[in-house]
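A.B. asks: My request is simple: use the sequences and hints to build the entire structure.
These protein sequences, in sequence, are chains A and B. For the first sequence, the positions run 1 to 368 when the working numbering is used. For the second sequence, the positions run 1 to 286 when the working numbering is used.
Hints are computed from structural coordinates only; laboratory data are not their basis. Don't take each hint at face value.
As the list claims (entries may be wrong) - Straight line, CA to CA, 25 angstroms or less: simulated BS3-like cross-link-like pairs of lysine-lysine:
{"id": "1", "chain 1": "B", "residue 1": "Lys188", "chain 2": "A", "residue 2": "Lys129"}
{"id": "2", "chain 1": "A", "residue 1": "Lys127", "chain 2": "A", "residue 2": "Lys100"}
{"id": "3", "chain 1": "A", "residue 1": "Lys152", "chain 2": "A", "residue 2": "Lys176"}
{"id": "4", "chain 1": "A", "residue 1": "Lys176", "chain 2": "A", "residue 2": "Lys166"}
{"id": "5", "chain 1": "A", "residue 1": "Lys100", "chain 2": "B", "residue 2": "Lys188"}
{"id": "6", "chain 1": "B", "residue 1": "Lys188", "chain 2": "A", "residue 2": "Lys106"}
{"id": "7", "chain 1": "A", "residue 1": "Lys106", "chain 2": "A", "residue 2": "Lys127"}
{"id": "8", "chain 1": "A", "residue 1": "Lys152", "chain 2": "A", "residue 2": "Lys100"}
{"id": "9", "chain 1": "A", "residue 1": "Lys152", "chain 2": "B", "residue 2": "Lys245"}
{"id": "10", "chain 1": "B", "residue 1": "Lys245", "chain 2": "A", "residue 2": "Lys127"}
{"id": "11", "chain 1": "A", "residue 1": "Lys106", "chain 2": "A", "residue 2": "Lys152"}
{"id": "12", "chain 1": "A", "residue 1": "Lys152", "chain 2": "A", "residue 2": "Lys166"}
Claimed, not checked - Computed, partial: chain B to chain A, Cβ under 10 angstroms:
{"id": "13", "residue": "Leu82"}
{"id": "14", "residue": "Arg86"}
{"id": "15", "residue": "Ile106"}
{"id": "16", "residue": "Pro175"}
{"id": "17", "residue": "Phe176"}
{"id": "18", "residue": "Glu177"}
{"id": "19", "residue": "Ala180"}
{"id": "20", "residue": "Ile181"}
{"id": "21", "residue": "Asp182"}
{"id": "22", "residue": "Gly183"}
{"id": "23", "residue": "Ala184"}
{"id": "24", "residue": "Leu192"}
{"id": "25", "residue": "Pro196"}
Positions of the beta carbon are idealized from the N, C-alpha and C atoms, including for glycine.
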Amino acid sequence: MGVRIEGLWKLFGGHTAVRDVSVEIEDGEFFVLLGPSGCGKTTTLRMIAGLENLSAGRVFFDDEDVTFFEPRRRDIAMVFQDYGLYPHLSVVDNIMFPLKVAGVPKDERRRRAGEVAERLEISSLLKRKPPQISGGEKQRVALARALVRNPKVFLMDEPLSNLDAKLRVSMRTEIKRLVSDAGITTIYVTHDQIEAMALATRIAVMNQGEMVQVGNPLEIYDRPATRFVASFIGSPPMNMFDGRLNSAEELEVVPRFLGEAVSRARVRQFYEQAPSIGGVVVGVRPEHLRLGASVGASNAVVELVEPLGQSTNVYLRADATPFVAVTNRTTLQVGDRVDVQVDESNIHVMDKETGRNFAVSPDDGLGA
Amino acid sequence: MLAPTFIVLTAVGIYPLGYSLWISFNDYHPSNPSFPQGFIWFENYLTAFLDGQARHALGLTAIFTVSSVGASLVIGFALALLFNQRLPGLAIARTLILIPMLVTPIAVGITWRIMFNPDLGVINYLLGLIGIPSQGWLASMNQSLLSVIVVDVWQWTPFMFLILFAGVRSLPRSPFESAAIDGASRAKIFFLVTLPMMRPVILLAVLLRAVDSVRTFDQIFMMTRGGPNQTTDLVSLYLQRVNFKFFDIGYGAALSWLFLILLMAAVIAFIRYSGFLRSAAEKEAR
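C.D. replies: Next comes the structure, spelled out in structure tokens:
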């Protein structure tokens, strides 16, 4: 089932938690709300669930207006950050709870709970109670409870954030598999950009109550609409430098090689978008920097090397400005002089005031 | 190091207990000319088993305790749930609600005796305003027990409320949200989630209240002295009469000991049956 939200607002006292958020989520989509804590993503999710009253706006499931429906009438399932299990009930009773309140006969309840427990490999835990099982197991029980009744929409509120790093990755894969098997529309809230990239068919990046950009993971990564999105997505984060569009044909930025890499035509293109603005932020992703052996002309010095196995983080300094590059395995050593190069298509130039990325056309992704 | 504690405990606890046990095996009747009368083995206890008055008092005490605790549990729980909502003015009301608990039971007894007065009392006056004829209340054999129960409920519901409110407030939020999303109605959430999650707190509150209620004396003494016609003659009032009116202290001690044993048995049975003192470790092991 598709979910459409229109002009959603949430005010808490004088504070605006969610500001005019609209988006249309397709049937069967895995839609991720991504943003730092306090950006309004969880509040948005809770409004879709009906757990939070809206200050303004509408929520539609397909074409049905559910804005004023109680949560129990929305036919949704939700997985909470702290799992929300019933501590007094055994695992199997937890899983059967939605079926019990729906009046499903006892035999069928048992059968369906057994099936879903099998699928999630928690059959051996059925008689235990939530306080007696581990965090990862609780997570599975919560998922089982959500899956047991074939809801129209799945809502997940940071379901992996209480798990340790290794378990988080394996549960992530599992969630993706389970949800795509079930083919149920899913809205998933997280502050972890890697989790978002790995899971989503589409990501909505939120900041300070607003939905900043909506797009598929690579779109968001390659063409961040604003400075905020550019800095939030990617690890290590995008290198950012203050710069200036001095005249119609010159991008002035330190380190200088960045400005030199951008052609006059492209600078003019940026300049035309914002002729009145001098100050810009110039960004380039660490993996877009190519490090060549210094053949005479060198523009940077290696300050630190972090070999991570799969890749290597190289911390450099050029024109007295530090930045980071990601390369394959390298023999570079601290103190080596290198020649750093970058394609102009990989350089993002963003308005210093509004944060808008000039390299991305204004209608890209925004507003979905 | 433990000597001072031990001395104090002995002086105020163990010695009096032991002495009362000793007295319960004696014919100890200070107002008799032949006092002291001496050791009579189990005669007091045998008398107790044949004492219809004592059985009557025990029955009344059971009715009194069960009704009073039951009613204050229901009202206290309802108030706790009400006060858990975010409504304006509740903070002040919450404080006001605690007042009855803070009043001395003697004062409570006197106040309610006046309020219950069939001719002058405010209760009959108010009932009269809505057309209900005057009732006898404490003076009526049919209504006296009900009346003293009402007073006990009035005084101790705040205590129930306080414990249950603390319990309700400490419940985690997400199971309730889960239940709402899982499709449960308000009634189902109450019976399937709230009530079971509150179980340990409810059991504790009931136990504390019941033990307290069983020993109620002052208010009822002030209101009825056990009357009329012994319709409010609870065990505590009967004991008072045996000991300090008839001065049959040996027999009174025997009755007290029997009552104590009964009460302890009831408490142990309650704890066993409800299992609420079962430790987390034991649960883990199962």
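A.B. asks: Of the numbered hints stated earlier in the document, which are not met by this structure?
C.D. replies: Hint check: 9, 10, 12, 13, 14 and 15 fail, others pass.
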